[in-house]
Amino acid sequence: MAKSATQGETSPSELIDARIKELGDWRGEMLARLRELIKQAVPDVVEEWKWRGVPVWYRDGMICTGETYKNAVKMTFAKGAALEDPSGLFNSSLDGNVRRAIDFHEGDKIDETALTSLIRAAIALNAAPSGRSR
Numbered sequence: 001m002a003k004s005a006t007q008g009e010t011s012p013s014e015l016i017d018a019r020i021k022e023l024g025d026w027r028g029e030m031l032a033r034l035r036e037l038i039k040q041a042v043p044d045v046v047e048e049w050k051w052r053g054v055p056v057w058y059r060d061g062m063i064c065t066g067e068t069y070k071n072a073v074k075m076t077f078a079k080g081a082a083l084e085d086p087s088g089l090f091n092s093s094l095d096g097n098v099r100r101a102i103d104f105h106e107g108d109k110i111d112e113t114a115l116t117s118l119i120r121a122a123i124a125l126n127a128a129p130s131g132r133s134r
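Residue numbers (the numbering used here): 1 to 134.
These are calculated hints, taken from the structure and not from any lab test.
Every residue, glycine too, gets a C-beta built ideally from N, C-alpha and C.
A couple of the hints might just be wrong.
Pairs of lysine-lysine, DSS-like flavour, derived with a Cα cap of 25 Å [claimed, not checked]:
hint, residue 1, residue 2
1, K50, K70
2, K74, K21
3, K79, K21
4, K50, K79
5, K39, K21
6, K39, K50
DEER-style ranges, computed between Cβ atoms [to be verified]:
hint, residue 1, residue 2, range
7, K50, N97, 15 to 25 Å
8, D95, N71, 27 to 37 Å
9, E14, P129, 16 to 26 Å
10, K21, P129, 15 to 25 Å
11, P43, E84, 22 to 32 Å
12, E106, S130, 19 to 29 Å
13, E84, A18, 16 to 26 Å
14, N97, D17, 30 to 40 Å
15, D108, G24, 12 to 22 Å
16, E9, S87, 36 to 46 Å
17, T113, E9, 11 to 21 Å
Throw the hints in and build the complete structure from the sequences for me.
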């Protein structure tokens, strides 16, 4: 799954650090905060760098991605359609059968408690016998 950094290679975590720094604006700050919340909720999370520059977080399967666009930071949950979302965080990719996403825009506040619950629910789904996949 995740490559470990060897001499001359850059680790996924280092690539994510570089992306945050490269953005240098609210999107970098938002991505950094989302990453921090993921790591707090899942201390043993595995970070990967896929699809030409998308941070991806795993634990017993994919949890979510952190894509950056001109006007949004999109946090896509791989199995979001199967998750309860009592706080109504999902606001994007609502038509799909599997994924759901949250688009964060400049100035948006994160409901950190609700997001942490959603992250933990995604992990629980991945860990369930019927939920495991890669």
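Tested hints:
{"no.": "1", "hint": "K50 x K70", "verdict": "19 Å, holds"}
{"no.": "2", "hint": "K74 x K21", "verdict": "17 Å, holds"}
{"no.": "3", "hint": "K79 x K21", "verdict": "29 Å, violated"}
{"no.": "4", "hint": "K50 x K79", "verdict": "18 Å, holds"}
{"no.": "5", "hint": "K39 x K21", "verdict": "18 Å, holds"}
{"no.": "6", "hint": "K39 x K50", "verdict": "18 Å, holds"}
{"no.": "7", "hint": "K50 x N97: 15 to 25 Å", "verdict": "21 Å, holds"}
{"no.": "8", "hint": "D95 x N71: 27 to 37 Å", "verdict": "20 Å, violated"}
{"no.": "9", "hint": "E14 x P129: 16 to 26 Å", "verdict": "34 Å, violated"}
{"no.": "10", "hint": "K21 x P129: 15 to 25 Å", "verdict": "40 Å, violated"}
{"no.": "11", "hint": "P43 x E84: 22 to 32 Å", "verdict": "23 Å, holds"}
{"no.": "12", "hint": "E106 x S130: 19 to 29 Å", "verdict": "39 Å, violated"}
{"no.": "13", "hint": "E84 x A18: 16 to 26 Å", "verdict": "35 Å, violated"}
{"no.": "14", "hint": "N97 x D17: 30 to 40 Å", "verdict": "34 Å, holds"}
{"no.": "15", "hint": "D108 x G24: 12 to 22 Å", "verdict": "18 Å, holds"}
{"no.": "16", "hint": "E9 x S87: 36 to 46 Å", "verdict": "39 Å, holds"}
{"no.": "17", "hint": "T113 x E9: 11 to 21 Å", "verdict": "37 Å, violated"}
Violated hints for the displayed structure, listed by number in ascending order: 3, 8, 9, 10, 12, 13 and 17.
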